[in-house]
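First to last, the protein sequences are chains A and B. The numbering of the first sequence is this note's numbering, which starts it at 1 and goes up by one. The numbering of the second sequence is this note's numbering, which starts it at 1 and goes up by one.
It should be emphasised that the hints constitute simulated quantities derived from the structure, not laboratory data. What you are looking at is a predicted structure, and each value in this text was computed from that prediction instead of being measured. Please note that a few of the clues may not be correct.
What the hints assert, rightly or not - Cut-off 27 Å, straight-line C-alpha distance, at most; resulting in silico cross-link-like pairs (BS3-like, lysine-lysine):
id: 1; chain 1: B; residue 1: K233; chain 2: A; residue 2: K45
id: 2; chain 1: B; residue 1: K141; chain 2: A; residue 2: K23
id: 3; chain 1: B; residue 1: K233; chain 2: B; residue 2: K6
id: 4; chain 1: B; residue 1: K137; chain 2: A; residue 2: K45
id: 5; chain 1: B; residue 1: K141; chain 2: A; residue 2: K45
id: 6; chain 1: B; residue 1: K203; chain 2: B; residue 2: K137
id: 7; chain 1: A; residue 1: K23; chain 2: B; residue 2: K137
So you can see what is in the structure, the chains are spelled out below.
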Amino acid sequence: MAAEWSTFNPRERFAKAVVELGKERDNCMVLAADLARTCHVLGFKDARPDNFFNVGICEQNMVGIAAGLAFEGKVPIVTSICPFIYMRACEQVRTDVCYNNLHVLFVPIMSGISGAPLGSTHYGTEDLAVMRSFPNMKVLQPSNARQIGKAIREAYDAEGPVYIRLGSGQEPDVPSNPEGPMIGRAIQLREGAEVSILASGYMVHKALEAAELLAQEGISAGVWDHPSIKPIDTGAVRDALSGSSNAVKLVVTLEEHNLCGGFGSAIAEQLAKIGSAVPLETMAIPDLFVGVGDREDLLELHHLDSESIVRRIKALISVT
Amino acid sequence: MLEPLKLDTSRMELHAAEIRLNVMRMIIGRGKGHSGGALSMVEILTALFFAVMRLDPDDPHHPARDRFLLSKGHACTALYATLAQRGYFPVSTLDTYYDLNSRLGGHPVQGLPGVELATGSLGHGPPVGLGMAVAAKADGKRHRVFVLVGDGEIQEGVVWESVLFAAHHRLDNFVMIIDRNGLQSDAETEELLSIEPIADKFKAFGWACRSVDGHDLEALTEVLSSVPFEAGKPSLLIANTVKGKGVDFMENVVTYHNTGPAPGTEEARRALEQLERRREQLAGEAVSGG
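This is chain A alone, in the form it adopts within the complex (with noise of 0.2 Å):
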């Protein structure tokens, strides 16, 4: 059974952020490419009128505008759907803004599947790929509403481009407040001896209950919130693999995105480097399109519900 959680809405306080930052600096500026009222900027462009646009369905402008726009040295915060940022504009993210090294802020929101039941046009399952793969760019995914406004204000007092993943509608508020920077940084949810569950974003709420539901069966979890997933944060990696023992069985990755080359390929490449024995197991939507149907649905039928990792992690420390 799944913890009754307290929930938010990442939109509505990404709006609040961007308008306590517009009022407080005056570079701060907001593009929308005809999504200001999805992406609730229109407090926003209330405030501070003259530092908003919003340049028509027209992504590839934008970022460009906004690459000028850095240049000249203003910090211009860039929000759409998810994939009209990392798939439409994705040049432009890379040569305008990364290439250059600009201080640029992509606010995509809609990432992951949180968008369900638009269907896959609109879903944003590949983006963290893409993007940590960028020169210069950091990657961030708040799991709660504190994190989003710590996460908008420090990629506006960073330096270079930044990339800060939301999802979508109401979303568990779960427990998990950095103290001190968020960049680069990792969060300690549960200690555990037996198993480690990594998360980030959305699934660091089935990261909890999963460990509450192994607890209750007598299997000892931890579970680290990961909002940094470039830069990751390597110590918090290397405490994963010792848990509050010597060294935990498995280490568990959950992610709403696809199992290439996103947040489980992060943290593989870091057991890598550190030449884990540990077993990996990284969770995530399999390689195909995710098709129509209600977020929590198609998570669980991709098995990324906290029962089915339950079952998982059962089944894998059973032969390990």
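Assemble the complex: chain A is given as a structure, and chain B must be docked to it using the hints.
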């Protein structure tokens, strides 16, 4: 306050001849480079850097400078040679073209004085330039943004996104120049994917348009000094040019888009000879003219 150099035409012609010769020296020296589109835009760059734009080679980041983006970045040798000629860096720096970790690569990159940003993926210059133009307007600055695009480049869809935006926001500090040499990588533009009538298209999109002989330095200087062509509108200048200009056997030859005469060949010798002769002729005229 920065002011344009406003060099007289005869001296600019000598600079253009020197730039053209240096372009060919770089490309032949390395056996690599996009020669045709570099040679076609030499006078456009000469007019901009020696007569039109407000700039200071000793202070390349002067906040009041006019911004220039070479969106057709593959033709970078002409930009490098122009920047050297204008005094941004020594002409000897051109010898580092294509060296390991050189700032003079196959497309412009940040770090070379006079280059604002990395460019060269076609269609990317206009949107980035628009961001600069928006920032200038927002900050009440007077500088202009000049973006030089290739004619084939306007086949890129994002160019038309930027054309819509510039007119909608009445960015009369934004100037797009098309190097209309008529050829793209594979064929004539009108044979491959027609872009004409260019001026009518831009006018219909709300731009003020002019055209000019893109090798006539006096005409280029005059028309580029008159921007914006209309208050409240972005300006388009169609510069009619000859691809491969200045080397008789290269002119209007499509294969010289991304090649040059091979080092050590008779073609290489002839190309350099023609450009050297042109430079000597102009230098002689300059001396005899006092």
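Here is what the structure says about each hint:
1. K233/B / K45/A: 25 Å, holds
2. K141/B / K23/A: 23 Å, holds
3. K233/B / K6/B: Roughly 25 Å between the alpha carbons, so the hint for K233/B and K6/B holds.
4. K137/B / K45/A: 18 Å, holds
5. K141/B / K45/A: 23 Å, holds
6. K203/B / K137/B: 22 Å, holds
7. K23/A / K137/B: Status holds; Cα separation ~20 Å.
In this structure, every one of the numbered hints holds.
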